[in-house]
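Colleague: Listed here are the chains, written in short residue letters.
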Amino acid sequence: MRGAMLAVVALLAVGIVLPLGLLLAKALQDNDGAFVGLANFARYFRTPALADSIGNSLFVTAIATVITVLLAFVFAYALTRSRMPLRGMFRGIALVPILCPSLLPGIAFVYLFGNQGFLKELLGEGVIYGPVGIVMGEVFWVFPHALLILTTALATADARLYEAALSLGAGRLRTFVTVTLAGCRYGLISTVFVVFTMVITDFGVPKVIGGHYNVLATDIYKQVIGQQNFSMGAVVGLLLLVPAVVAFFADRYAQRRQVAQLSARAVPLVPKRNPPLDWALFGFCCVISVLILGVLGTAAYASLVKMWPYDLSLSFKNYRFDLMDGGGWASYWNSLEMAAWTAVAGTAIVFLGAYLAEKTRGFAAGRIAIQFLAMMPMAVPGLVLGLAYIFFFNHPDNPLGFLYRSIAILVICTIVHFYTVAHLTAVTALKQIDPEFESVSASLKVPVWRTFRRVTVPVCLPAIFDISMYLFLNAMTTVSAVVFLYGPHTMLASVAVLNMDDAGDIAPAAAMAMMIVLTSAAVRIVHAVVTRGILGRAQAWRSRG
Amino acid sequence: MATAAGGAAAPYLRVERVSKTFGSFAALKDVSLSIGEREFVCFLGPSGCGKTTLLRAIAGLDPQTAGRIVQGGRDISGLPPAARDFGIVFQSYALFPNLTAAQNIAYGLENRRARRADVQSRVRELAELVSLTPQLNKYPAQLSGGQQQRVALARAVALSPGLLLLDEPLSALDARVRQHLRGELKGLQRRLGVTTIMVTHDQEEALTIADRIVVMRDGVIEQTGTPREIYDRPATRFVADFVGTMNFLPGTMTAQGRVRVGGLELACAADAATAGSKVTVCLRPEDVVVRGIGDATPNSFEARIAAAEYMGSFVRARLAVPGLNGAGLTADFSLNAVRDLGLGDGATLRAALPAERLRIFPDGKAS
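One line per chain: the protein sequences are A and B, in this order. Each residue of the first sequence is one higher than the last, beginning at 1 in our numbering. Each residue of the second sequence is one higher than the last, beginning at 1 in our numbering.
Derived from the structure by calculation, the hints contain no laboratory data. A couple of the hints might just be wrong.
[Stated by the list, open to error] If you only want the chain B side, here are some residues facing chain A, beta carbon under 8 Å, derived:
1. 59
2. 61
3. 81
4. 82
5. 87
6. 92
7. 94
8. 97
9. 107
10. 108
11. 111
12. 141
13. 159
Glycine included, C-beta positions come from ideal geometry on N, C-alpha and C.
The task is simple: from the sequences and hints, build the whole structure.
Modeller: Given below as structure tokens:
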């Protein structure tokens, strides 16, 4: 028990604490490893080409956050508080961007509004390369994440409050402000911070469509990959850590308050029919859905067109990845392998760690360490984590150096990168089962591991499937951390998209991005089938008979 | 400590000076207790009194901070739960939701490498014991609350433990089922002859089911005794208040066996307290006598019924007593008395407080 706990702690220590420590050290050293104090930071702020990125990042992130939260709020309101038709379908469409690497919207917008885009005129004098494109791409990509938080916040309404407001003669606007908005305010705060962090730390969209508009995320990449200036990369990485850490604590605060608001006695709100509002919201959701499917459709179409915009006949030519640079089909298979390992090993480690932290007695230090370390990855952007891994695993004195550029390091990095959400899913599931199972087992002289295998795991199976799907999807689509870590034989599909786009092979990049989307979609479908079908039959005990 | 009741001469379970602290909070303060073999003991008290903490210490689930626990002659103070000898039923039952009733009952049996057929027959035997045979192949979610409780009970006694621990096992059930199961639980305990400790905050439950009640408050034992002793002769003001309904009247001792309450001078037990000291006089509502009272009856006085509350099988009346300086008195009247004496709102009557039913607690002492 104690050994297993130490193993999880060690993994998280090696996977996040030590690399971050080295990142911090690197920011205080020059490229030769000599300690230079804050000189790197001083140089950063003296160099306008670098320091301007802070303003640029804040600017596009603020705009993208405002637009995303507004759109997602109306959409979530329509899904949870109206009686408009096709709510399930709209929800499904709105979640599609989760299946996409963030490079995909960038590529699609280049096709739509780029120099040869067929909707270029819509922008008038403006150009898509730069803040406009970044904002559009980010809104597309983070929209489902905002939607998920807001639908949860809006779904938990207490009908009695609305009845009270009605009986006290409050008007519609007043009710909306004092009950609806007040009821989901922590969800809104949480959404703002999550969206802000995702956008400011995202690398895919600005990389593809940012043009010469520098932001923090692309700066790290340029400093490290372009100029091999690791110290400056570390400086930018630490700067990027600031908003992520702030957002992390704000989000934790908001979520705690949101939960506290719900009382067990709340009466669920059943939305009433209101044709004018319902149809207005229906129209809004139609527009958003068409836009989302339009972006995805553009990428799909672009991947099939022979020679944009001259020869629009369709073919699978762009899918013959082996005929071009960028890693070929091997990168796709690598991605599958990496995602599969991440899902299997990650789920096992995360669930075991959560179990040990939640359900064991004694060794409080181990439990607290797991709980603390499990939350850390949430506050660390992928790019920063990837960079920290370079410093740690590439360090000449590190006995784990053999992992560098292997598929194993990609798996470890991805598990750690997405550890927190998976951990919280496991903890939620474990908290829902009776806390006395372990006590009962002890009184019956049944060893803990037997109850774990026979009761805890079967009861938590839906959560375990959720965790493995979450890890698989993210492993398929992520670029940020792994872009620093792949080797010649461990190229990944998402990185191949990036490299082909970089090399001007935009159509094959779109094709590879579509492969990722299709794979993710397939996994989602399998997950749904497994969860509803086999699980439903094998676990008849879940339903009252 | 009252050491009445109990079966054997040497106690089966001894709790010696056990304390438990959570941070700076003392949940148990130097608690000592012994329980005889085959005895059914209830830990009774309000929430936060330490009763569940004591139960969990005895089980080893939350070990005590100080003190010793001896079970069947063996010092178990430092043993982990798995090395102790007890079965336990929790308030939530903690049934494994993915296993059938039969699998739940067999859970501890299967672990002992027993032959499958032996396990099967033991499960059937246990199911019969708790009248659950038709439900054996159902999952917990398909069982009623009472049936779930029986499964938990059968599982807890499956390994024939020396000690059965019940943590508010009836509190999740509705009143009728609870009353019914109370009787069954007691019957089962008798048949198995297993030493049993039940934690409850329900005084009625404790009074009906226990051989002996341990009343707890703020981490200490207030009184230990049979249900009758606890009800009739509460040792402290707290016990008097917590168990049953009680009138509390402020008074002053005037002489040996004489106490003044308001304008009334009452006779009471002779050894109650020294003359001149402030006391609280306690009396159960049902001990107020109204039949056959004359002017000469000791401890009698005039009273008026200020409010009468119909309680079903009796009437609870609020008496206004001129002699008590406005202090009211609660009295329970049988429906017979109500009919015969015409005891309605506003009626006047003559009532008496029998001297031997008065309990006197000196004031100023920690109660």
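Colleague: Hint by hint, which ones does the structure fall short of?
Modeller: Going through the list in order, the structure violates no hint and respects every one.
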